[in-house]
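Novice: Here is what each chain is made of, one letter per residue.
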Amino acid sequence: EAGVVQSPRYKIIEKKQPVAFWCNPISGHNTLYWYRQNLGQGPELLIRYENEEAVDDSQLPKDRFSAERLKGVDSTLKIQPAELGDSAVYLCASSFSTGSYEQYFGPGTRLTVT
Amino acid sequence: QQQVKQSPQSLIVQKGGISIINCAYENTAFDYFPWYQQFPGKGPALLIAIRPDVSEKKEGRFTISFNKSAKQFSLHIMDSQPGDSATYFCAARIGRTGGTSYGKLTFGQGTILTVHP
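Residue numbers (my numbering), protein chains in the order written: chain A, 19 to 132; chain B, 10 to 126.
Treat the hints as calculated values from the structure; they're not laboratory data. Hints are supplied without guarantee of correctness; some may be wrong.
[Said to hold, decoys possible] Stretch-level coverage of chain B by chain A, calculated; a stretch enters the list once three of its residues show a Cβ under 8 Å from a Cβ in chain A:
(1) 67-74
(2) 108-114
[To be verified] List time: in silico SDA-like cross-link candidates among lysine to any residue, alpha-carbon distance up to 20 Å:
(3) B:LYS67 x A:THR116
(4) B:LYS51 x A:LYS33
(5) B:LYS51 x A:GLU120
(6) B:LYS77 x B:SER64
(7) B:LYS77 x B:ARG105
(8) B:LYS51 x A:PRO125
(9) B:LYS51 x A:SER25
(10) B:LYS51 x A:GLY21
(11) B:LYS14 x A:GLN59
(12) B:LYS51 x A:VAL73
(13) B:LYS14 x A:SER25
(14) A:LYS29 x B:GLY50
(15) B:LYS80 x B:ILE59
(16) B:LYS51 x A:SER84
(17) B:LYS14 x B:THR109
(18) B:LYS51 x A:ALA20
(19) B:LYS14 x B:ARG60
(20) A:LYS96 x A:VAL73
(21) A:LYS80 x A:TYR119
(22) B:LYS66 x B:LYS51
(23) A:LYS96 x A:VAL107
(24) A:LYS80 x B:SER110
(25) A:LYS89 x A:THR116
(26) B:LYS14 x A:LYS89
(27) B:LYS14 x A:LEU57
(28) B:LYS51 x A:GLU62
(29) A:LYS33 x A:GLU120
(30) B:LYS77 x B:ILE29
(31) B:LYS24 x B:PRO126
(32) B:LYS66 x A:SER118
(33) A:LYS33 x A:VAL73
[Stated by the list, open to error] Selected chain A positions facing chain B (Cβ under 7 Å, derived; list incomplete):
(34) ALA20
(35) VAL23
(36) TRP40
(37) ASN56
(38) GLY60
(39) PRO125
Every value quoted in this text rests on a predicted model; they were computed, and no experiment measured them. Backbone N, C-alpha and C fix where the C-beta goes; we use that ideal spot for every residue, glycine too.
Chain B on its own, in the form it takes in the complex (with noise of 0.2 Å):
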């Protein structure tokens, strides 16, 4: 059953456009919503993470934006540059209100972002 729904499935920007990725939740048992980035050939790596009872969380060039009560969050990469060209991943955590699941992440189903010079 997918829990986490994102979107786009592609993205193309170019070089110091933003990037706006979009995913949507239902369960109301995930206490925490992290982002992961991911490269060919490697694993994905944490992004950058954000609370429920916080609107905006911004580290550098990324944000993620959260509206609890549409049970949406995005991740808005500012000035987007080549480097920033992989697989970008939302998931959300259970929290302890979930029992035995506490801790489990469940992923979307993944962005290509291209980043064009």
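Only chain A is shown next, with the shape it has when bound in the complex (with noise of 0.2 Å):
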């Protein structure tokens, strides 16, 4: 069975340049979460879909990030502009439901903004 896909695997931009991120989870998952992990921090939660619906979106900086799961499948977060505190990994987790402890996490996309 195929894990948690994301693409790209690293990502170096200038600042005020756009990115996009993108993920496909496993199939059957209905749960999808992107986090955002700093350098020698634990994964924070940047949003929470259960099907194509965002349940949680609280931690999600809205005025330069945005994320859609249009289809239920895979989704895209997207950060226009990016900032330089913007480095870090992104992961892409997803889980067959939403009160599930168990998630499934893929390599993530490390994003370096000079």
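Could you use the hints to bring the two separately framed chains together as a complex?
Specialist: Structure, rendered in structure tokens:
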């Protein structure tokens, strides 16, 4: 069974440029999460989807971050414009249901903003 | 706001030794406490989890001890092996009393474990 797929794995951009990350969750998993992991820190939830509905986006900086999961399967996270402080690893995870403590993480996208 | 505090930040253990990582929490809305293991360049993966009505759970060389009154829990890795070298995160899940936040995981800051051969 394929795991959570993320692309790209690495991205280097200049500040003020836009960037997008893509995630394909495990087949059959209704819940999808985007996390940000700063160096030496644990993952922090940005947004959680239940099918195509964003059920928790309270930690998403909405002035520059946006996300979508149009068909309830794959998802895109966008930053526009990027700032130096956005440099981090962006992790996507999925779970069978919203209450599951067992989340399956992808390998992440390491973003460097210069 | 840091809701799950983890210590130590880093830990060095000799092969065959016991590794102990501790976590503490405040939020009584948490109802499940998983531990995740992360290798460099990979995403975290679930290792073991415990409910607060259980004081101890063991899976192979990994044991979680839970102290509900103290709001503390710990991971013990027995007979530590070089292959256990990774970053370990404790986490806490918000239960149904948390309303729309039900299911949300809050992670500790992580412990970098190095097991020397």
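Novice: Does each hint fit the structure? Answer for all of them.
Specialist: Here is what the structure says about each hint:
1. 67-74: Violated: only 0 residues of the stretch 67-74 of chain B have a Cβ under 8 Å from chain A.
2. 108-114: Coverage by chain A holds for the stretch 108-114 of chain B (6 residues, Cβ < 8 Å).
3. B:LYS67 x A:THR116: 26 Å, violated
4. B:LYS51 x A:LYS33: Distance ~26 Å between LYS51 (chain B) and LYS33 (chain A) Cα, so the pair is violated.
5. B:LYS51 x A:GLU120: 16 Å, holds
6. B:LYS77 x B:SER64: Distance ~8 Å between LYS77 (chain B) and SER64 (chain B) Cα, so the pair holds.
7. B:LYS77 x B:ARG105: 18 Å, holds
8. B:LYS51 x A:PRO125: 4 Å, holds
9. B:LYS51 x A:SER25: 13 Å, holds
10. B:LYS51 x A:GLY21: 12 Å, holds
11. B:LYS14 x A:GLN59: 11 Å, holds
12. B:LYS51 x A:VAL73: Outside the cut-off at roughly 26 Å; violated.
13. B:LYS14 x A:SER25: 31 Å, violated
14. A:LYS29 x B:GLY50: Distance ~14 Å between LYS29 (chain A) and GLY50 (chain B) Cα, so the pair holds.
15. B:LYS80 x B:ILE59: 13 Å, holds
16. B:LYS51 x A:SER84: At roughly 24 Å apart (the allowed maximum being 20 Å), SER84 (chain A) and LYS51 (chain B) break the hint.
17. B:LYS14 x B:THR109: 23 Å, violated
18. B:LYS51 x A:ALA20: Given that 20 Å is the threshold and the Cα spacing comes to 15 Å, the pair holds.
19. B:LYS14 x B:ARG60: 18 Å, holds
20. A:LYS96 x A:VAL73: At roughly 18 Å apart (the allowed maximum being 20 Å), VAL73 (chain A) and LYS96 (chain A) satisfy the hint.
21. A:LYS80 x A:TYR119: At roughly 26 Å apart (the allowed maximum being 20 Å), TYR119 (chain A) and LYS80 (chain A) break the hint.
22. B:LYS66 x B:LYS51: The hint is violated at about 26 Å.
23. A:LYS96 x A:VAL107: 14 Å, holds
24. A:LYS80 x B:SER110: 18 Å, holds
25. A:LYS89 x A:THR116: The hint holds at about 17 Å.
26. B:LYS14 x A:LYS89: Between LYS14 (chain B) and LYS89 (chain A) the Cα gap is close to 37 Å, so the pair fails against 20 Å, i.e. violated.
27. B:LYS14 x A:LEU57: 17 Å, holds
28. B:LYS51 x A:GLU62: 16 Å, holds
29. A:LYS33 x A:GLU120: 35 Å, violated
30. B:LYS77 x B:ILE29: The hint holds at about 18 Å.
31. B:LYS24 x B:PRO126: Within the cut-off at roughly 5 Å; holds.
32. B:LYS66 x A:SER118: Status holds; Cα separation ~18 Å.
33. A:LYS33 x A:VAL73: Between LYS33 (chain A) and VAL73 (chain A) the Cα gap is close to 30 Å, so the pair fails against 20 Å, i.e. violated.
34. ALA20: Violated: closest Cβ of chain B sits about 14 Å from ALA20 (chain A), beyond 7 Å.
35. VAL23: 11 Å, violated
36. TRP40: Status violated, d = 15 Å.
37. ASN56: 10 Å, violated
38. GLY60: 3 Å, holds
39. PRO125: Status holds, d = 5 Å.
Checked against the numbered hints given earlier, the structure breaks hints 1, 3, 4, 12, 13, 16, 17, 21, 22, 26, 29, 33, 34, 35, 36, 37 and satisfies all the rest.
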